[in-house]
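K.L.:
The chain contents come next:
Protein chains: 2
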Amino acid sequence: MKKEIKELTSRDVDYSQWYNDLVIKADLAENSAVRGCMVIKPYGYAIWEKMQAELDRMFKETGHVNAYFPLFIPKSFLSKEAEHVEGFAKECAVVTHHRLKQDPDGLGLIVDPEAKLEEELIVRPTSETIIWNTYRNWIQSYRDLPILINQWANVVRWEMRTRLFLRTAEFLWQEGHTAHATEKEAIEEAEKMLHVYADFAENFMAVPVLRGLKSASERFAGAIETYCIEALMQDGKALQAGTSHFLGQNFAKAFDVTFVNKENQQEHVWATSWGVSTRLMGALIMTHSDDNGLVLPPNLAPYQVVIVPIYRNEEQFRAVSEKVNEIVTKLRALGISVKYDDNDQKKPGWKFAEYELKGVPVRLAIGARDLENGTVEVARRDTLTKEIVSMEGIEEYIQNLLKEIQANIFQKALDYRASMTREVDSYDEFKVEIEKGGFLLCHWDGTPETEEKIKEETKATIRCIPLNGDKTPGVCMVTGKPSAQRVVFARAY
Amino acid sequence: MKKEIKELTSRDVDYSQWYNDLVIKADLAENSAVRGCMVIKPYGYAIWEKMQAELDRMFKETGHVNAYFPLFIPKSFLSKEAEHVEGFAKECAVVTHHRLKQDPDGLGLIVDPEAKLEEELIVRPTSETIIWNTYRNWIQSYRDLPILINQWANVVRWEMRTRLFLRTAEFLWQEGHTAHATEKEAIEEAEKMLHVYADFAENFMAVPVLRGLKSASERFAGAIETYCIEALMQDGKALQAGTSHFLGQNFAKAFDVTFVNKENQQEHVWATSWGVSTRLMGALIMTHSDDNGLVLPPNLAPYQVVIVPIYRNEEQFRAVSEKVNEIVTKLRALGISVKYDDNDQKKPGWKFAEYELKGVPVRLAIGARDLENGTVEVARRDTLTKEIVSMEGIEEYIQNLLKEIQANIFQKALDYRASMTREVDSYDEFKVEIEKGGFLLCHWDGTPETEEKIKEETKATIRCIPLNGDKTPGVCMVTGKPSAQRVVFARAY
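So the protein sequences, as listed, match chains U and V.
Numbering follows my numbering, in which position 342 of the first sequence is assigned residue number 342; successive positions increment by one, without gaps.
Numbering follows my numbering, in which position 368 of the second sequence is assigned residue number 368; successive positions increment by one, without gaps.
All the given hints hold, so there is nothing to weed out.
In this list, chains with the same sequence are indistinguishable; a pair is considered to hold if it fits within one copy or across any two.
For lysine-lysine, the following DSS-like pairs were computed, each having C-alpha atoms within a straight-line distance of at most 25 Å:
| no. | residue 1 | residue 2 |
| --- | --- | --- |
| 1 | 351 | 60 |
| 2 | 60 | 50 |
| 3 | 90 | 116 |
| 4 | 101 | 116 |
| 5 | 101 | 80 |
| 6 | 60 | 330 |
| 7 | 101 | 90 |
| 8 | 339 | 60 |
| 9 | 358 | 50 |
| 10 | 346 | 262 |
| 11 | 253 | 101 |
| 12 | 351 | 262 |
Rather than coming from a laboratory, the hints here were simulated on the basis of the structure.
Since we're looking at a predicted model, the values are computed, not measured.
Given the sequences, and given the hints that come with them, work out the whole structure.
P.N.:
This is the structure in structure tokens:
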């Protein structure tokens, strides 16, 4: 059945619908029979696997190792850190029984009341509590520190309003949990991982991000400081793409994790945690894609190149395929992933539309005339342009083109963000500007009251206090009180 | 603190305690605060990651792609396949609520009775039901088939008696779920994946396995046939290391998954599923390790080579380190993973014991005298032998040695299995022989009654009906009735 590309709602008409259409039609994910939980389909999962592989490499290069902790958290553990429980108790999946049985009155399968758990178990919304309870037994002395562990896992937060990838009840993520002997080292770790996330977002996802600190009200439940990377989507809304938390000694105190320091004194251990999730898929999709479908950065595309043969008969097909196989071999030798779509049940036009929808960065078409002329048609997904290129040296040409596309879509997103970022000095102006979307750099008096007032009146939140932003002091646009530096406001996903 | 190797119980004294000691002392895993759930520690997880990487590559080479399906299964889904629900309903984690709240009487955090789910959710014990419910929407025509999907995931089965890696309430695994247009193709798929598992077990884990079919009573709940690989542990007990199921049309019928075949007729889809889990870690540990600790196959060892410097002063340390760095570079160029342990807080003797415990296949020690002589001390973990080898060409020497070790531990396990496998023709003899452990090849009349009687009286089960075994007919050792071929009995984990 021919896919109707036209069915993709255009971004101008309804950005939100465009996103939903695209996720479904590009075969990335779909809603499951379980409320709020998604099925990540093979094409979507292949992108996630590429993200995982790069992140995992970056974590290991910065000295981290992987481990695995239980899915379940005893209810009592959640309660031990006061702010943490406040943040997660209201939206969690609670396991209360460990057996089903056939109803004696023939009403089918029921929960066996005799199999009630002594203590309820929470499906992890995040793993600080179970991990710090474990770390207590691993840490005695400063010699046992630091512990630099990451976990790839699924987590559950019972969100009421869900959207594929952006907000789902179950999602996949990684969570780093590190333990340190000093406050300084823990802060350095939290900052280091923020920069790892930013490097990944910019160099692999081609998504420019702001690096900053969250305001107190937007911090992770249990953190002293939350660092974040913030991206800007094409509809002018912000998306938090990753967070790294300096947890101080909060979890060490809650779980009684102490160590003997170099001065032979007992001290509580210092902690960080940091995570990115399948939400990154949403950021990736919304940053680059267009009304024709996905646009994928070459560094994360499951296939970087697709080759479509053009032929009228079996003889032409054989001749084209022979040439294609040579090209495939050369491309693979350069580490370029390539798919030769020689399916004879589909027409070239169908394939062109399909791979445009799927965001394959480069498409080659090769026909009988190309064989005569020693040429190949090269189409770029990002610019939707085509050109005829000599077959000679095509592999280096493609290698360079992939780099160019990667750089180009990053630059395009960077330019868009620049065009959508402006300083605003009055609250009246703010109310007008926020309707246009984008990042607004404004002075704020630093109080949660002012922040809350702005949020209520405009739906804008402080996305971050930029780490490398302009540090010039000023006065709050709402209260006129002193402000240490401009902070970034936006409406957000 | 020096690790006391002596604390490892010897296998002769108590094999079961030896296993538990080893898993803990080699830092592979430990029990968590959550009943039956383990923490997989970094060293154990590093081995699991190596297993995952190889299996994932093998799955992809055989045409499979990865995807992800929800953690939760609606209770009603479990009931749809009659045998399946029978197999899993009695030991499952049931989510009944989606919120906690502070008790109004100040008794702490309680389950919010107002947040009761309309339908309970089961934490997946396996995913056939949720996946086949999803496949219904993916399959209309034979052109949509086959679907060849694998999932890496955690699953929960509420086991009452748990042992690290071997039987835990939560475990990590992969589960393949494929959909086919014909019975023949589905059976071929189930068999193909059995052979992938066997290849992996033998060539990477160095664990010889029998390939066979389960008897009806040992089949997966919902399967028409269950193929399995069976390994023999050093205590003479069998361990089921992987299963591959031909599911017929059972799940397609339960979830109404039909397709239009080439003859334009509606037909139910044919299915397979297949899985291996962190249980493989148990098989790996128990097949090769000894009273000194782990013995790891080079193909799965996190570090294949460790290098320990021997020195009396800073000057010697620098000279040795310079040489070591050359060797490290050469080894890495050959794709050999190597760790240089230059920690100056630990003595060489401590390090030797530590890496013996951790099962590192090859240990190099290099001291000042070695520098003079152009030699290096090479110790093999499998044989516990040492030799002095010329520094010249050491990298090729190590490369060959790693291959030799891989082959040697496989052969050793194969020889052990051969010595522990025998034909038994009378039930009296069987009762004597089963006490000695090992695989007993016996004639059986094919009835569940006889199988059950043998199990009750001897604790032995039919491990498999071998695919490639002796097909000579005979008479059942218990009933004297006709038997088509010998089957494999053993006591099992």
